[in-house]
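Engineer: Listed here are the chains, written in short residue letters.
There are 2 protein chains.
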Amino acid sequence: MSLRISRKPKLEKGERFDLVIVGGGPAGLSAAVYVARFLLKSVVVTIDVGGQLNWTEWIDDYPGFSKIKASELTSKFREHAEGSGVRVVTGFEVVDIKKEGEEFRIISSGGNEIFAKAVILAVGSRRRKLGVPGEDRFQGRGVSYCSICDGPLYRGKRAVAVVGGGDAALEGAILLSGYVGKVYLIHRRDSFRAKPLLVEDAKSRENVEFVLNSVVTEILGEDEVKAVKVRGPKGEATLEVDGVFVEIGQEPPVELFRRTGLETDEQGYVKVGEWMETNIPGIFAAGDATSLWRGFRQVVTAAAMGSVAAYSAYQYLLEKGLIGGKR
Amino acid sequence: MSLRISRKPKLEKGERFDLVIVGGGPAGLSAAVYVARFLLKSVVVTIDVGGQLNWTEWIDDYPGFSKIKASELTSKFREHAEGSGVRVVTGFEVVDIKKEGEEFRIISSGGNEIFAKAVILAVGSRRRKLGVPGEDRFQGRGVSYCSICDGPLYRGKRAVAVVGGGDAALEGAILLSGYVGKVYLIHRRDSFRAKPLLVEDAKSRENVEFVLNSVVTEILGEDEVKAVKVRGPKGEATLEVDGVFVEIGQEPPVELFRRTGLETDEQGYVKVGEWMETNIPGIFAAGDATSLWRGFRQVVTAAAMGSVAAYSAYQYLLEKGLIGGKR
Numbered sequence: 002m003s004l005r006i007s008r009k010p011k012l013e014k015g016e017r018f019d020l021v022i023v024g025g026g027p028a029g030l031s032a033a034v035y036v037a038r039f040l041l042k043s044v045v046v047t048i049d050v051g052g053q054l055n056w057t058e059w060i061d062d063y064p065g066f067s068k069i070k071a072s073e074l075t076s077k078f079r080e081h082a083e084g085s086g087v088r089v090v091t092g093f094e095v096v097d098i099k100k101e102g103e104e105f106r107i108i109s110s111g112g113n114e115i116f117a118k119a120v121i122l123a124v125g126s127r128r129r130k131l132g133v134p135g136e137d138r139f140q141g142r143g144v145s146y147c148s149i150c151d152g153p154l155y156r157g158k159r160a161v162a163v164v165g166g167g168d169a170a171l172e173g174a175i176l177l178s179g180y181v182g183k184v185y186l187i188h189r190r191d192s193f194r195a196k197p198l199l200v201e202d203a204k205s206r207e208n209v210e211f212v213l214n215s216v217v218t219e220i221l222g223e224d225e226v227k228a229v230k231v232r233g234p235k236g237e238a239t240l241e242v243d244g245v246f247v248e249i250g251q252e253p254p255v256e257l258f259r260r261t262g263l264e265t266d267e268q269g270y271v272k273v274g275e276w277m278e279t280n281i282p283g284i285f286a287a288g289d290a291t292s293l294w295r296g297f298r299q300v301v302t303a304a305a306m307g308s309v310a311a312y313s314a315y316q317y318l319l320e321k322g323l324i325g326g327k328r
Numbered sequence: 002m003s004l005r006i007s008r009k010p011k012l013e014k015g016e017r018f019d020l021v022i023v024g025g026g027p028a029g030l031s032a033a034v035y036v037a038r039f040l041l042k043s044v045v046v047t048i049d050v051g052g053q054l055n056w057t058e059w060i061d062d063y064p065g066f067s068k069i070k071a072s073e074l075t076s077k078f079r080e081h082a083e084g085s086g087v088r089v090v091t092g093f094e095v096v097d098i099k100k101e102g103e104e105f106r107i108i109s110s111g112g113n114e115i116f117a118k119a120v121i122l123a124v125g126s127r128r129r130k131l132g133v134p135g136e137d138r139f140q141g142r143g144v145s146y147c148s149i150c151d152g153p154l155y156r157g158k159r160a161v162a163v164v165g166g167g168d169a170a171l172e173g174a175i176l177l178s179g180y181v182g183k184v185y186l187i188h189r190r191d192s193f194r195a196k197p198l199l200v201e202d203a204k205s206r207e208n209v210e211f212v213l214n215s216v217v218t219e220i221l222g223e224d225e226v227k228a229v230k231v232r233g234p235k236g237e238a239t240l241e242v243d244g245v246f247v248e249i250g251q252e253p254p255v256e257l258f259r260r261t262g263l264e265t266d267e268q269g270y271v272k273v274g275e276w277m278e279t280n281i282p283g284i285f286a287a288g289d290a291t292s293l294w295r296g297f298r299q300v301v302t303a304a305a306m307g308s309v310a311a312y313s314a315y316q317y318l319l320e321k322g323l324i325g326g327k328r
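As given, the protein sequences belong to chains Z and E, one line each in that order. For any residue, its number in this note's numbering is found by taking its place in the first sequence, counting from 1, and adding 1. For any residue, its number in this note's numbering is found by taking its place in the second sequence, counting from 1, and adding 1.
Among the hints, a few may not be true.
Same chains, same names: a pair is fine if it fits in one copy or spans any two.
Cut-off 30 Å, straight-line C-alpha distance, at most; resulting in silico cross-link-like pairs (DSS-like, lysine-lysine) [to be verified]:
#, residue 1, residue 2
1, Lys99, Lys183
2, Lys158, Lys70
3, Lys321, Lys130
4, Lys204, Lys42
5, Lys196, Lys272
6, Lys321, Lys77
7, Lys100, Lys196
8, Lys130, Lys14
9, Lys42, Lys130
10, Lys196, Lys77
11, Lys100, Lys230
12, Lys130, Lys196
13, Lys130, Lys227
14, Lys68, Lys11
15, Lys99, Lys321
The hints are simulated quantities; they were obtained by calculation from the structure and are not laboratory data. Keep in mind it's a predicted model, so treat the numbers as computed, not measured.
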């Protein structure tokens with residue numbers, strides 16, 4: 002047996018880069034593939050790798066892969082980025098980014114700091130959870146946080162529950178009504194934030210049942226999800242379902258954005274222009290953290306945004322004369 | 002040996018669909034994957050499958066595939082679309098799209114016509130060719146039409162030629178100067194349409210040589226590209242190169258856009274909003290035919306636009322009450 006030496010990528014304190022990518026989901030790793038092509042000295046720093054891919058088990062909507070384990074797709078993205086020559090450093094949580102002259106100081110929660118001439122922020126957005134027993138256990142295998150992504154995987158199932166009252170929940174209920182025998186739409190109020198048209202459409206579907214003024218208190222099952230416990234006006238009930246779609250919103254890391262001075266939209270996502278530029282020259286954003294295509298968050302959209310952010314950051318560095326022939 | 006029956010998808014004259022996707026490149030096939038998820042009755046009609054993927058041999062920048070034959074990636078996209086239940090009909094060249102009430106009539110050059118409640122136009126854009134001997138023979142294997150896409154595949158080569166005088170040519174020369182020993186930038190004038198900053202940057206690079214007032218007259222080689230013949234002020238010369246990057250612009254199918262009544266930008270690409278909507282309600286556009294991310298045309302950006310166009314078309318059909326529970 003040969004001795005294997007750990008090749009965990011190291012990060013020197015105070016190390017300097019052309020570009021730092023913050024975030025290791027599809028947007029950040031795709032950005033890495035592209036910045037490598039532009040021959041930028043770059044690194045991905047991230048808490049962990051995979052982003053939203055860690056929230057599900059199967060992916061069947063990333064074009065080119067008819068069906069693939071989410072963890073395997075994460076590995077392929079990571080290998081592609083690392084194979085292109087970009088280090089991926091995990092366990093690095095960015096808490097602040099300060100512009101100092103032409104440079105950005107990127108500070109981690111662990112007290113580390115690195116420097117970059119440009120930054121791509123691809124930190125994603127956390128899906129809100131119900132916080133009930135059974136939820137974590139079945140996350141990604143019976144409990145989903147994206148109806149459009151995971152809905153078709155439930156084709157032919159008996160029944161599912163969708164939880165929430167916004168556009169995403171109503172869209173989820175409508176879409177799922179085409180795939181499964183019965184959809185329970187569970188909402189804690191009897192009025193909806195969703196567009197009235199979506200509410201009407203869902204109501205018009207025979208196999209969508211509205212369970213209003215009700216909250217999920219537990220997700221039940223053994224190997225698989227079997228039912229949800231619901232508390233409503235008439236007390237507690239158990240609904241037999243094969244899956245639960247939690248569509249109660251997302252939480253972008255607004256505190257980091259505020260501290261960095263990034264402009265956000267009314268829901269807290271970083272405002273970006275066509276080329277993924279933010280209000281701070283030299284900071285670009287990509288993926289679920291941004292205002293682009295809110296309400297339609299896919300692996301392929303995140304990856305595209307990452308590639309565009311990389312191209313834009315490269316253009317920025319070229320135009321500023323911070324890389325290349327003029328150094 | 003068993004008898005195999007051809008299962009070439011048929012298209013009935015006058016057949017009606019929820020959605021018709023025009024174009025079989027990455028944008029159109031990705032749109033197909035998504036419209037299938039939304040349970041729309043849909044079809045892809047296209048001259049041929051692959052789009053810009055047919056113009057190159059290798060792809061190493063579609064995130065998730067470190068390196069793959071372009072033809073294989075085309076097959077994977079097509080299988081994904083067809084496996085999702087969408088027919089892909091080739092040999093169908095769309096020459097006009099007419100809105101008739103709530104419906105679109107889609108007319109082919111062969112005199113066929115089909116109907117749709119919504120349309121996704123993903124017809125791409127043709128790269129301009131030099132039109133010189135040797136060009137077709139080496140297309141995709143020594144002659145490239147996208148420096149950003151193919152440049153890194155030339156890592157370590159001795160020399161390449163870049164032809165053109167716009168941003169794409171200058172960007173190509175700059176990028177390639179990091180990969181190869183020497184870059185000849187061949188331009189038919191001595192002034193440039195490109196941003197002055199890019200021209201300056203290219204000039205500042207020791208290994209970029211400007212060959213001005215010159216045109217390529219032939220691409221030479223046996224199994225591989227070996228040289229280009231160039232005619233300039235001092236007569237004809239032969240430059241030894243391992244590759245030729247033709248960056249002399251693109252031609253979107255403006256005639257189809259004009260006939261359909263689609264608004265275009267100043268370069269002839271279909272103007273789209275954030276959700277890939279055009280000026281005609283019910284017609285969405287995606288990929289290289291659009292105004293989005295002009296100057297950065299990648300497989301992943303086309304695929305993302307296709308997915309967004311599919312989502313938007315689905316929303317449009319839902320909101321119009323043209324599909325689902327209210328029919």
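Engineer: Each hint should be assessed against the structure and marked as holding or not.
Structural biologist: Going down the list of hints, with the structure as the test:
1. Lys99 with Lys183: For Lys99 and Lys183, neither the intra-copy (51 Å) nor the inter-copy (39 Å) Cα distance is at most 30 Å.
2. Lys158 with Lys70: within (20 Å within a copy, 38 Å between copies)
3. Lys321 with Lys130: neither (43 Å within a copy, 33 Å between copies)
4. Lys204 with Lys42: between (54 Å within a copy, 23 Å between copies)
5. Lys196 with Lys272: So Lys196 and Lys272 pass the 30 Å test inside a copy (23 Å) and across (27 Å) alike.
6. Lys321 with Lys77: Intra 33 Å, inter 40 Å, cutoff 30 Å: neither.
7. Lys100 with Lys196: between (41 Å within a copy, 27 Å between copies)
8. Lys130 with Lys14: Neither: 35 Å inside a copy, 50 Å across copies.
9. Lys42 with Lys130: Answer is neither; intra-copy 37 Å and inter-copy 34 Å both fail.
10. Lys196 with Lys77: neither (38 Å within a copy, 37 Å between copies)
11. Lys100 with Lys230: Close neither inside one copy (50 Å) nor across copies (50 Å); limit 30 Å.
12. Lys130 with Lys196: Classified as within; 22 Å inside a copy, 49 Å across copies.
13. Lys130 with Lys227: within (19 Å within a copy, 60 Å between copies)
14. Lys68 with Lys11: Result: close only across copies, 27 Å inter versus 34 Å intra.
15. Lys99 with Lys321: within (19 Å within a copy, 48 Å between copies)
Checked against the numbered hints above, the structure breaks hints 1, 3, 6, 8, 9, 10, 11 and satisfies the rest.
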